[in-house]
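Protein chains in written order, with our numbering: chain H, -15 to 300; chain W, -15 to 300.
Bear in mind the hints are in silico, worked out from the structure with no lab data behind them.
Treat the numbers as computed from the prediction; the structure is a model and nothing was measured.
Fair warning: there could be bad hints in the mix.
[As the list claims (entries may be wrong)] Heads up, simulated DSSO-like pairs for lysine-lysine below, C-alpha to C-alpha not over 27 Å straight-line: (1) H:136 / H:247; (2) W:136 / H:73; (3) H:73 / W:73; (4) W:136 / W:73; (5) H:73 / H:136; (6) W:43 / W:136; (7) H:73 / H:43; (8) W:73 / W:43; (9) W:136 / H:43.
[Claimed, not checked] For the chain H half of the interface with chain W, some residues (derived, Cβ under 10 Å), not all of them: (10) 36; (11) 54; (12) 57; (13) 69; (14) 72; (15) 73; (16) 84.
The beta-carbon is built from N, C-alpha and C at its ideal position, and this holds for glycine as well.
There are 2 protein chains.
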Amino acid sequence: MLRARGKGRRPVMLAIAGDSAAGKTTLTRGLVRCLGADRMTAVCVDDYHRYDREERAGKPFTALHPDCNHIDIMEQHLQLLSMGEPILKPVYDHATGRLVRPELVQPKDFVIVEGLLPLHTRLARACFDITVYLDPPEPLRHSWKVGRDCAKRGYTPEQVRAELDRREPESAAYIRPQRRWADIVVRFAPVAGRGDPPGTPLSAELLLRPTIDHPELGEVIEGAALGDATAMHLRLHRDDDGRPVDALHVHGYVSPEESSVVKKAIWERLGPRAGEGGLTPEALGRYGEADTSDPLAITQLLLLYHLLDADHRQAA
Amino acid sequence: MLRARGKGRRPVMLAIAGDSAAGKTTLTRGLVRCLGADRMTAVCVDDYHRYDREERAGKPFTALHPDCNHIDIMEQHLQLLSMGEPILKPVYDHATGRLVRPELVQPKDFVIVEGLLPLHTRLARACFDITVYLDPPEPLRHSWKVGRDCAKRGYTPEQVRAELDRREPESAAYIRPQRRWADIVVRFAPVAGRGDPPGTPLSAELLLRPTIDHPELGEVIEGAALGDATAMHLRLHRDDDGRPVDALHVHGYVSPEESSVVKKAIWERLGPRAGEGGLTPEALGRYGEADTSDPLAITQLLLLYHLLDADHRQAA
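The whole structure should be built from the sequences, with the hints applied where relevant.
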């Protein structure tokens, strides 16, 4: 087994759960580019299908259903990765709908696991140092899914919408309940009723649960309120389930100055690791073909903080 | 995880190692039929190829070479099976030479692992309760391989012989050294210079190493020497490497009476488990289309003894 960090050190494991087209890959990509592919392994756990597309056609459930997936094997593979062991991961070919040759995955220092059900079972959750749930408003996610599946997977909008309808009961039953297990819930959404100019990035609302130690951001944000005091704020909030959380709002119209103060503050809290580690912060905040978003960049930076912090604490 | 025996009990693991066409599948098949497929899982570990046939064409080694295989994943899967965990096993399609959709393997009470390299590494060996190496004389194995690969895999005899030549250095370097790790070395061969009538089954020579506890057979065999005292015998023997072993010879021309005495003796030593377990002893000794061999049956019965004995000791 080859590990950049040497034997005995376990990888830092980050889960990014969320429904189809919730933005998991966009969030993941910036982190991989920033930390470097030589230190980070990204794994999608949506390939553990028990049936291929043809076999699934006769079944009473969609690919979202846990019974449609080898959940026990996913758990086993997450455990192995978390111990620094390689896995032979199954591969599902979206183009043909068939299960094909599996691929060897060697965990590097950091492993991001993204997918539909990485937080579904207790054993799977136990494998992670940091857990994230992507929670965009459903109409926005639907439009993202229509856009992507038509552009990249050759479906018509009607087909995608029919599929979304078909999946809705299982999304409600299996995907969305994972939100409660996340250390950080991320919601990208437009701010209602503001009439921002076209091209304004979506705002980010980050629920920071006290299940992990977040960096101290209160004072930073207060200090950063240069012009418009509502562009970014941290607020104590009671979640839908009644549990207290910190809610960090980063508005899409945040000014570059304000945003850079917060980015710099998180960056400094990354400590000496930020400088020495060969990080590429320019990679953060990118989406689509060539667009950038400060709320996305700040979200990724916060995750980067947690990755390096968990790594640091393991070493200590 | 579903196990016939319930949680907490580990499967009994039997390895059958040997070169290509050494008779691994023939030996395995009778055991599976006798114990029943509902209690026994047979796994072939020759599917852990790192490269498919096309990729291998450019490599300086054959499929026998450990570097040509995911040995670390094979070890991992053997460990998981030995703990009663399921695996998603890679599958190599001999017809196309490609790696295809992996298959779920749920270990039952008994797991037979057969293949080219199951005893290659210490970690793999540690997973087994009983280890067997199939060691036919090379000319005999070559003729078996020509027969099989021409009949079932569409090659010409010249192609098979060329492949055997190409593989010989790796057979010598990686396959045959596994013989030393076997609790039981099985050699089926004709008895030289006897002029047995055509159709006489091959004789079996079983080296029984004191690495596991074999059933007491000395007296049984002495008592069974009904007519020809040389048809079957147990002899203290010094192996090529100098280590002492018991060598059990079962000649192909063994009389049915003599053979049945030994079979009965082993059967009785299986204890009450033999009767209650729904065993199908008629399945033992079969090979080819419809042939039977008493030396093969006795070999399988001895392995059956060890399987049930290991199971019994685990339960105790």
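Hint by hint, here is what the structure shows:
no. : hint          : in the structure
1   : H:136 / H:247 : violated (33 Å)
2   : W:136 / H:73  : violated (31 Å)
3   : H:73 / W:73   : holds (10 Å)
4   : W:136 / W:73  : holds (23 Å)
5   : H:73 / H:136  : holds (23 Å)
6   : W:43 / W:136  : holds (26 Å)
7   : H:73 / H:43   : holds (24 Å)
8   : W:73 / W:43   : holds (24 Å)
9   : W:136 / H:43  : violated (35 Å)
10  : 36            : holds (7 Å)
11  : 54            : holds (6 Å)
12  : 57            : holds (5 Å)
13  : 69            : holds (6 Å)
14  : 72            : holds (5 Å)
15  : 73            : holds (9 Å)
16  : 84            : holds (7 Å)
Comparing the model with each numbered hint stated earlier shows that hints 1, 2 and 9 do not hold.
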